[in-house]
Amino acid sequence: MSALNIKKGSTSHSAYDLRDSHSQAEESHTLAVIVENEPGVLARVIGLFSGRGYNIDSLTVAEVDHTGHRSRITVVTRGTPSVIDQIEAQLSRMVPVHAVHDLTAEGPSVQRELALIKVAGKGDARIEALRLCEIFRAKVVDSTLESFVFEMTGPPEKIDAFADLMRPLGLKEIARTGVAALSRGA
Amino acid sequence: MTRSMTGARMVVQALKDQGVEVVFGYPGGAVLPIYDEIFQQNDIRHILVRHEQGAVHMAEGYARSTGKPGVALVTSGPGATNAVTGLTDALMDSIPIVVLTGQVPTFMIGTDGFQEADTVGITRPCTKMNWLVKDTAKLAETIHQAFHVATHGRPGPVLIDIPKDVQFANAEYTPPQKAKVDHYQPRVKGDIEAITRLVEMLEVAERPILYTGGGVINSGKAASQLLRELADATGIPVTSTLMGLGAYPASGKGWIGMLGMHGLYEANLAMHGCDLMINIGARFDDRITGRITDFSPKSKKVHIDIDPSSINKVIRVDVPIIGDVGHVLEDVLKVWKARGRKVNKAGLAKWWAQIEDWKRVNCLAYAPGEKTIKPQYALQRLEALTRGRDRYIATEVGQHQMWAAQFLSFDEPNRWMTSGGLGTMGYGLPASIGVQIAHPEALVINVAGEASWLMNMQEMGTAMQFRAPVKQFILNNERLGMVRQWQELLHGERYSSSWSESLPDFVKLAEAFGCKGIKVSDPKDLDDAINEMLAYDGPVIFDCLVEKHENCFPMIPSGKPHNEMLLSADADAFKSGAVLV
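Residue numbers (the working numbering), protein chains in the order written: chain A, 9 to 194; chain B, 1167 to 1747.
The set of hints was computed from the structure by calculation and includes no laboratory data. All of these numbers come straight from a predicted model, not from anything done at the bench. A portion of the hints provided could be inaccurate.
To give an idea of the chain A side of the interface with chain B (calculated C-beta under 7 Å), a few residues [said to hold, decoys possible]: (1) Gly-48; (2) Gly-55; (3) Gln-94; (4) Ala-171.
Simulated coverage check for chain B against chain A, where a stretch passes if three residues somewhere in it have a Cβ under 8 Å from a Cβ of chain A [as the list claims (entries may be wrong)]: (5) 1289-1297; (6) 1568-1576.
A few chain B positions that, by computed beta-carbon distances, are all more than 10 Å from chain A [as the list claims (entries may be wrong)]: (7) Val-1315; (8) Ser-1417; (9) Arg-1482.
The C-beta atom is built at its ideal place from N, Cα and C for all residues, glycine as well.
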């Protein structure tokens, strides 16, 4: 992913924007949007994405500061550098938005997602699923004689990889929370 | 001292505390408590419109001509949905208006109650911000916040949806001073390093141009004054978008006319050929840029805008300056003066010589009509006969709008009300009434086409009831002129549904409304007719029958660059055989 090569400090606000803003290559960016926790704010943010034709690959939202009425929306989006800049600017100018952080551009970040994965099978397939579960450090949270529900947390790529492995072993259903992310360091 | 009152009284109190003098509205079930309060006071004047769309356009006209926020009050359901066009119009043109809508009681929300609509849901994409107030205790503060949001940063429409039970309930009133507004404080001062960079570029530029827009007008009268000072002191030519007309005076020595799709030849070629473009409060709209890849290819670009999302949205610029036009121009002038008031005199002299050359093309030339009134001629006569008067012009949308922009001149800001971004036919008549209510003594003219004008003609009733002596100057070509023009030029002359059939007799229509109707079709009667219109103390519907198939030139066809402009066959360039670039 080209976005990972971006050096710290090379945001659109920096005087030393090291990205090629004319690039037509699409990048995936994770944005943390700190919003006033009030009715309609999520609809407003989502409406911006649909109304202006931007992509949403993943979206999570929850209140993070009860007394300060702040919620954090984490959006994973895709676009050329100029589209990403535009998304950030469009979000920033919304009245109930307090701050927008492009976690991909601002430096290293931790990205985690939780998934519940239901796999049905018998015999060798079942044993193999359980073995892979251990390798991936997933947990078994429900079990019948013919099925498991695994719980796993990790970056989205890890969950993708695990789900791919489960497919031939009897993958039935998958539920994912979408990405939550924080920048590394203080 | 705290005061307890009903939500309905709170609405009226909050409006008074915000300095509101006029509300444009239409009553209905869900706003009856507020109307009851309006009835029992005399500080706020209520203008009863004939359709809620009219209320919002009137509020827009009021706002644009005064610089103060306009206020509209409508009921739930259809009242709110009828307001949507006006809200979108105000959003596109950055006009500060506050729309109050009634809503079914909170306990009925979501039950598909009578006249229920998801107003905040419907209006979320067409407002800068909106609120559904479910608690009377928060109502006053929300109204104060709404005024703050509408008027700060890039102005825009806001909406407050007020359920009927919230209007009836009692709570303590929050005065404006106590309302929390600190979290929305867009920055107004520009980055001084960027401003210095702009001054450095301006000092050496050979072919600079000031490309100004509605942001100058929204920033306030001081910004227009500073623009004039900057342009006149540096000698840099000034062009403007449709939205920015009047910020720099048309009589100013730096003025080279409006740019864009129907802008002047010299303005568009100057934009194309400049080496430094200073965008002041404009947004590189597609009607300005034409084909993006060929837009002003040789220039360095500076963009002053209060909205960060306008920067690099369409055109990448070299120096972005985020801030309020007034504040930024003040600093630009300060820095420029401190550095010794330098400009590239030799470069500018050559540049102006080039512009003068382009002006000789005489791009607005048209063949005068002997028996028929040319629309351009009608506007030239209107201009000549109203010069020197404190004149406000509103327009509808279409050919007449572009001709008005080309042939009328504006020396002051806030004198020109037109739907630029959304292009709303039916805007001009109600907008002109809003202007007239704000300026009862002024001459207010709506330059209209007959098709646009019919879209909101019911508002003549409002003009009559409230004695707003608006002059409806209709250039009647019995066609949807701009649609017809595109069909002629771009759709093989197949005139699909672009003529106005079964038109009313406008003079009889005027009589039916109780105002004056004037009809004119011969060029030699035109001056007398215009004078008769101007002399009449009351609303006038002026039916000016004009040439039916006149096209509006210059024209940059959609998707073409500035230097591929279509000119009228009457332009001097063709007479002299000059080759166009």
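Hint check results:
| no. | hint | verdict |
| --- | --- | --- |
| 1 | Gly-48 | 6 Å, holds |
| 2 | Gly-55 | 5 Å, holds |
| 3 | Gln-94 | 6 Å, holds |
| 4 | Ala-171 | 35 Å, violated |
| 5 | 1289-1297 | holds (count 5) |
| 6 | 1568-1576 | violated (count 0) |
| 7 | Val-1315 | 5 Å, violated |
| 8 | Ser-1417 | 36 Å, holds |
| 9 | Arg-1482 | 7 Å, violated |
Hints 4, 6, 7 and 9 from the earlier list are contradicted by this structure; the remaining hints agree with it.
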